[in-house]
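Protein sequence lines, in the order shown, are assigned to chains E and S. Numbering of the first sequence is given in my numbering, commencing with residue 1 and proceeding in unit increments. Numbering of the second sequence is given in my numbering, commencing with residue 1 and proceeding in unit increments.
Hints may contain errors.
[What the hints assert, rightly or not] So the derived list for chain S, only partly shown, Cβ under 7 angstroms to chain E, looks like this:
id, residue
1, Arg11
2, Leu13
3, Gln14
4, Ser18
5, Ser19
6, Leu30
7, Asp31
8, Arg33
9, Ala35
Quick caveat, the hints were computed from the structure, so don't treat them as lab data. Glycine included, every Cβ here is placed at the ideal spot set by N, Cα and C.
Each chain, written out:
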Amino acid sequence: MSASAAGGEFGALIEAVRAGSPEALASLYREYGAALYRLAYRLTETREDAEDVVHDVFVGLPEALARYEERGKWTSWLKRVTARVALVRLRARTRRREVPLELADQAARPPADPDATVLESAVHALPDPLRIVVMLKEVEGYSHREVADLLGISVGASRVRAARALARLRKVLGDGR
Amino acid sequence: MSRATLETLRRELQGLASSEAPPGLLQRILDSRAAGVRVALPRTERDHTRWIIAALAAAAVLALVINIRTGERSPAGAETDYGDIAAALSFLPRAAMAQQAGPARTPRYDLVHHLDGSRAHAGTWTYETCTTTDDVLTKCGSRLRITVHEGQRAEQPVWVMIQRVAFVRGWSSTNDTIYVPPDTTYFARQTLRPLSWSLTGDRIHVVRQFTPDSVHEAVDITGPHPRSWHSSAKLPGAADDPLVVRWARFDVPLLLQALPLARGWQGSVYSVGLIGRVPGASPFPPLDFRVVGNERIDVPAGRFDCWRVEMRIGDETVMTLWASKDRGWLIKTKQGKPDWQAESTLISATPPAP
């Protein structure tokens with residue numbers, strides 16, 4: 001949905017957020033917060049980082065909306081912003097060489113679903129450049145063009161990374177899958 | 001991987017459990033806003049800043065040449081991707097494209113004087129470039145071919161160097177190849193001082209003529225929006241010092257054949273970029289060369305014992321070069337940043353490697 005296409009009620013909601021209305025911001029959060037949190041979590045792999053990402057996105061949203069030009073889908077724009085914030089956070093974490101506690105503790109966590117745990121572990125084991133592309137492309141449904149724009153890489157690089165990620169996952173999971 | 005297997009894997013990925021947003025997050029957001037916290041969110045438009053800065057002068061002209069030459073434009077929505085251009089041409093360091101703004105740089109080492117140009121020799125060298133982004137190989141296949149032969153110009157013995165570049169256009173779905181018009185340089189055979197440099201495309205003609213103390217540049221563009229500019233500038237250094245010509249690349253292969261490379265050697269050579277249309281820029285930054293090691297490397301053209309040479313402009317390492325110890329051939333180059341590298345290797349040579 002684009003804000004302009006939605007017009008009426010939704011357009012008024014956006015205007016109210018732009019104007020700094022807490023109630024309007026809360027309405028937007030209730031509508032999109034959960035999906036954005038899931039996206040942030042998939043990219044950062046930690047609850048703390050995902051929470052901080054969504055916090056920052058919504059805190060910055062009223063001012064960011066001032067330059068939102070209402071072109072394209074509103075939800076796509078919001079997810080792009082969230083992904084960018086998550087990537088910035090991830091890169092900062094990588095520079096600091098932090099290991100998320102959730103990953104460090106993973107071995108001690110009881111597996112609820114054995115198959116899912118194997119896949120989760122395989123995804124976690126991917127290098128970030130591959131994992132992020134496969135998350136954005138295969139889980140979030142972005143096109144390679146969109147992934148390339150988000151990450152500042154070429155479309156070819158996005159394709160290569162996705163293919164390599166899938167190949168590695170398949171290798172880890174075994175040929176039978 | 002079969003399609004069925006791939007689809008199964010994709011479905012499983014989409015079914016991966018995710019965490020749910022904590023219940024207090026909305027209140028935390030509202031509290032932050034109420035407390036006056038503000039966050040500047042990143043823009044979502046594609047950020048070309050680094051490339052635009054890097055490609056300030058020559059790459060803009062180069063892009064024009066390419067588009068004129070091929071009669072094509074990039075598809076709508078695919079902005080002119082300087083990254084693709086730069087990545088395709090290993091001899092196109094970003095610093096080479098951009099004129100170095102600000103005060104004129106001083107050479108880090110002693111200027112190279114009285115070069116023995118007779119150490120250079122004729123031949124043809126072909127290089128392939130591969131680029132890597134975030135440690136993932138992204139593209140190979142771009143080719144640079146350098147041909148050097150003896151000639152005469154105004155009754156003076158010269159080296160004639162012709163460089164041809166062909167690279168695969170990254171934004172194209174058909175992987176088509178772009179052929180940049182070849183450029184030709186005449187060097188005084190004894191000193192390797194450039195005498196002229198020219199490039200002729202379908203609708204562009206660029207000429208740089210060198211005299212002992214100055215360079216004259218003429219750029220003429222024809223077509224629907226014709227324009228021309230002519231500029232002159234005084235050259236730095238002595239009248240018989242070698243100079244590195246910059247266009248889309250540093251023209252260092254011939255220079256390397258004549259430099260007295262040895263353990264611990266270092267020296268500086270002025271380079272010449274476009275001199276017009278870049279107000280406030282210094283078109284003659286010195287290139288600082290330093291031998292930093294030696295290494296035996298294998299490339300498709302053979303095995304070579306090389307000097308490893310660092311090439312810098314100011315404080316920035318622009319490129320690492322591997323030059324063969326026996327003939328000074330340029331065997332390999334490497335450049336880039338932590339998240340992006342381009343590497344060119346010699347894939348064939350005539351005469352062949354010994």
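How the hints compare with the structure:
1. Arg11: 9 angstroms, violated
2. Leu13: Holds. Min distance 5 angstroms.
3. Gln14: At about 6 angstroms, which falls below the 7 angstroms cut-off, the nearest Cβ of chain E leaves the hint on Gln14/S intact, so it holds.
4. Ser18: 4 angstroms, holds
5. Ser19: This hint holds: Ser19/S lies near chain E, its Cβ roughly 5 angstroms from the closest one there, short of 7 angstroms.
6. Leu30: At about 5 angstroms, which falls below the 7 angstroms cut-off, the nearest Cβ of chain E leaves the hint on Leu30/S intact, so it holds.
7. Asp31: 10 angstroms, violated
8. Arg33: With Cβ-Cβ at 6 angstroms, under 7 angstroms, it holds.
9. Ala35: Violated: closest Cβ of chain E sits about 10 angstroms from Ala35/S, beyond 7 angstroms.
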